[in-house]
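A.B. asks: Counting from 1, one number per residue, gives the positions in the sequence shown under the working numbering.
Treat the hints as calculated values from the structure; they're not laboratory data. These figures come from a predicted structure and were not determined experimentally. Errors might be hidden in some of the hints.
Pairwise CB distance ranges (calculated) [as the list claims (entries may be wrong)]:
#1 ILE3 with TYR38: 18 to 28 Å
#2 PHE55 with ASP31: 26 to 36 Å
#3 LEU4 with VAL39: 34 to 44 Å
#4 LEU50 with ILE15: 13 to 23 Å
#5 ALA30 with LEU52: 11 to 21 Å
#6 THR23 with ILE54: 10 to 20 Å
#7 ILE32 with ILE9: 13 to 23 Å
#8 VAL19 with LEU45: 27 to 37 Å
#9 ILE54 with ILE9: 23 to 33 Å
#10 ILE9 with PHE35: 32 to 42 Å
#11 LEU52 with ILE15: 31 to 41 Å
#12 THR53 with SER29: 34 to 44 Å
Where a beta carbon is used, it is the ideal one built from N, C-alpha and C, also for glycine.
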Amino acid sequence: MTILKWALIFLLISIVAGVLGFTGISAASADIARFLFYVFVVIFLVLLILGLTIFRA
């Protein structure tokens, strides 16, 4: 279950980065936030798949 907790943490981080990047709240860092959004979504998906398959007890 630990890996699934990390997956949820990365999902939350990606949502925050997406809100900052896609809404234009901070125009100067919008590109960085968009990049981080995609990075953390990929990490979330990888950890979710690992948590549901390999690390399941």
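A.B. asks: All hints, please: hold or fail.
C.D. replies: Against the structure, the hints:
{"no.": "1", "hint": "ILE3 with TYR38: 18 to 28 Å", "verdict": "holds (21 Å)"}
{"no.": "2", "hint": "PHE55 with ASP31: 26 to 36 Å", "verdict": "holds (34 Å)"}
{"no.": "3", "hint": "LEU4 with VAL39: 34 to 44 Å", "verdict": "violated (19 Å)"}
{"no.": "4", "hint": "LEU50 with ILE15: 13 to 23 Å", "verdict": "holds (20 Å)"}
{"no.": "5", "hint": "ALA30 with LEU52: 11 to 21 Å", "verdict": "violated (33 Å)"}
{"no.": "6", "hint": "THR23 with ILE54: 10 to 20 Å", "verdict": "violated (36 Å)"}
{"no.": "7", "hint": "ILE32 with ILE9: 13 to 23 Å", "verdict": "holds (19 Å)"}
{"no.": "8", "hint": "VAL19 with LEU45: 27 to 37 Å", "verdict": "violated (19 Å)"}
{"no.": "9", "hint": "ILE54 with ILE9: 23 to 33 Å", "verdict": "violated (19 Å)"}
{"no.": "10", "hint": "ILE9 with PHE35: 32 to 42 Å", "verdict": "violated (18 Å)"}
{"no.": "11", "hint": "LEU52 with ILE15: 31 to 41 Å", "verdict": "violated (20 Å)"}
{"no.": "12", "hint": "THR53 with SER29: 34 to 44 Å", "verdict": "holds (35 Å)"}
In summary, the numbered hints that this structure violates are 3, 5, 6, 8, 9, 10, 11.
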